[in-house]
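2 protein chains.
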Amino acid sequence: MAVTEGEPIGIVAGGGSVPLHVAEAALRAGRKPFIVAIDGEAEEGIAAYPHEVLKWGQIGRMQSVFVAHGVKELVMIGNIRIRPDFSKFKLDLGAIRVIPKVLALLKNGDADLLSGVVTIMGELGFTVIGAHEIAPELVATEGPLGRHKPDTVAGRDIARAMRAARAIGVIDAGQAAVAINGRVVAMEAAEGTDGMIDRVGALRRAGRLKWSGRRGVLAKCAKPQQDLRVDMPTIGPKTVRAAAEAGLAGIAVETGRVMIVDRDDVIELADRAGLFIAGETSRADVE
Amino acid sequence: MAVTEGEPIGIVAGGGSVPLHVAEAALRAGRKPFIVAIDGEAEEGIAAYPHEVLKWGQIGRMQSVFVAHGVKELVMIGNIRIRPDFSKFKLDLGAIRVIPKVLALLKNGDADLLSGVVTIMGELGFTVIGAHEIAPELVATEGPLGRHKPDTVAGRDIARAMRAARAIGVIDAGQAAVAINGRVVAMEAAEGTDGMIDRVGALRRAGRLKWSGRRGVLAKCAKPQQDLRVDMPTIGPKTVRAAAEAGLAGIAVETGRVMIVDRDDVIELADRAGLFIAGETSRADVE
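Top to bottom, those sequences are chains L and A.
Read in our numbering, the first sequence has 49 at position 47, and its numbers run on one by one without any break.
Read in our numbering, the second sequence has 37 at position 35, and its numbers run on one by one without any break.
Don't take every hint at face value.
Same chains, same names: a pair is fine if it fits in one copy or spans any two.
Said to hold, decoys possible - Pairs of lysine-lysine, DSSO-like flavour, derived with a Cα cap of 27 Å:
#1 K57 with K212
#2 K103 with K212
#3 K212 with K240
#4 K151 with K57
Simulated from the structure, these hints should not be mistaken for lab results.
All values reported here derive from a predicted model rather than from experimental measurement.
If we strip away everything but chain L, and leave its shape as in the complex, we get (with noise of 0.2 Å):
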């Protein structure tokens, strides 16, 4: 399929495979991807699209750019590994004329910064759309994936842990929760999913935790009021191997609202180490 074809769509790529996946996606639905990459942060193979590098504050270029390569509508994905550092910004003019809103921005927390960016997408003429309205197949649907599936007791589970994370979702505090047995475990906040499932591990290896066998489960799913166009939550082979790692049984994930990065990578670390992946419909509900 010709990259002159079709529909522009922009991409505002981070780090990792998903920009490189949903710009396949994009070619496959017929549009024409451009990719506007982090400098620092996207991975090499942006190469093979029409793309350009930018540094975090060239505003006016990433706009002109867009502009130029016909981009209307635009998806911002992919880690960023760093915050980026105000004081080294290389602001254009198009930047400056959206400081102030920026600096308003980055007093907020992330939540807050991230539907700003959608803002001020807005005002520069576009149309932030999510990762997943190009690449539905990015995110969790029902049911488990993969060889594993979760028994009675990891079912109990993911509902105690599912039930914590929706708790915490709801003030805005976190979006993971661990439940083992029954009990919840550990609740997910600036310490990150990885973070809070490195912590069950130790919890267990200090003997304060107890099980045998793979017990437990990782739930993830979005915040109420989280913005799914640029702030999907995601699990990928880091949080499976973390997991493992930890004596977990399996993962269960929100369908429709979280992200699974490197499908067929998860599927197969969680197969070898004997843990379920389970798309989970998030119910108010659920004991």
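Following the hints, position chain A against chain L.
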């Protein structure tokens, strides 16, 4: 005041200073304390009171010594460093009568175990009352304790951390949370309050949380369903030291439902480190 006067009160004493504080308060209130000290847990100070040292599982003996001393009401209080190992229980005949119940209790989580113990004590003829009913001064009251007071920024963090602590209490997952600059950064589950505070300090040292000076609030409250007679949440000198070490600005505790252990030390430590300790009435309408 003579130890031989007044209505008897039984004290089942674990470790720390609180059992002794309760015994003193009972004397002041004209009660006649008799202590059953748990072997390996209770402090030597209990020797100043009529007492008997018993091992885990000597339930029949406990019943008979309390009955012999005219005890009808009892307080169960103090730290239990070691989770009782059922295989090492010294089971007497009184214990054997309640074994089926004890076994059923041990299958469940802590909360169930503790309220189950209250039920068993009731069946043995004793009414369990809270330490705070004998020594109400143990419990947090409204307003600042000590020299320092929360400022406006801290006030917002109090509200956020309290809301998080309440939310995780409702789902029986934990009773403490930390908020910094309006953001919930940690929630307590199996790692315990001190473990959670230490994590905040570690995230700061790793550069994953940034603030200058003292910032952020630890909030602690009881779960709605918590049996305050046997399981009131506590803070003490260790909590203050951990909070000071992590760089927090202060500690907020739910009035009437959190116990302040070693209050004088808590105040002195907090005053010296520049931390506030504030009693906060938990309100569902706090943002």
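Hints, one by one, checked against the model:
In this assembly of identical chains, K57 and K212 lie within 27 Å of each other by CA distance solely across copies; the values are 24 Å between and 48 Å within a copy. Only between protomers do K103 and K212 lie at most 27 Å apart by alpha-carbon distance; the minimum there is 22 Å, versus 50 Å within a single protomer. In this homomeric assembly, K212 and K240 come within 27 Å of each other (Cα to Cα) both inside a single copy, at 24 Å, and across copies, at 25 Å. For the identical chains of this complex, K151 and K57 are neighbours neither inside a copy (44 Å) nor across copies (44 Å), given an alpha-carbon limit of 27 Å.
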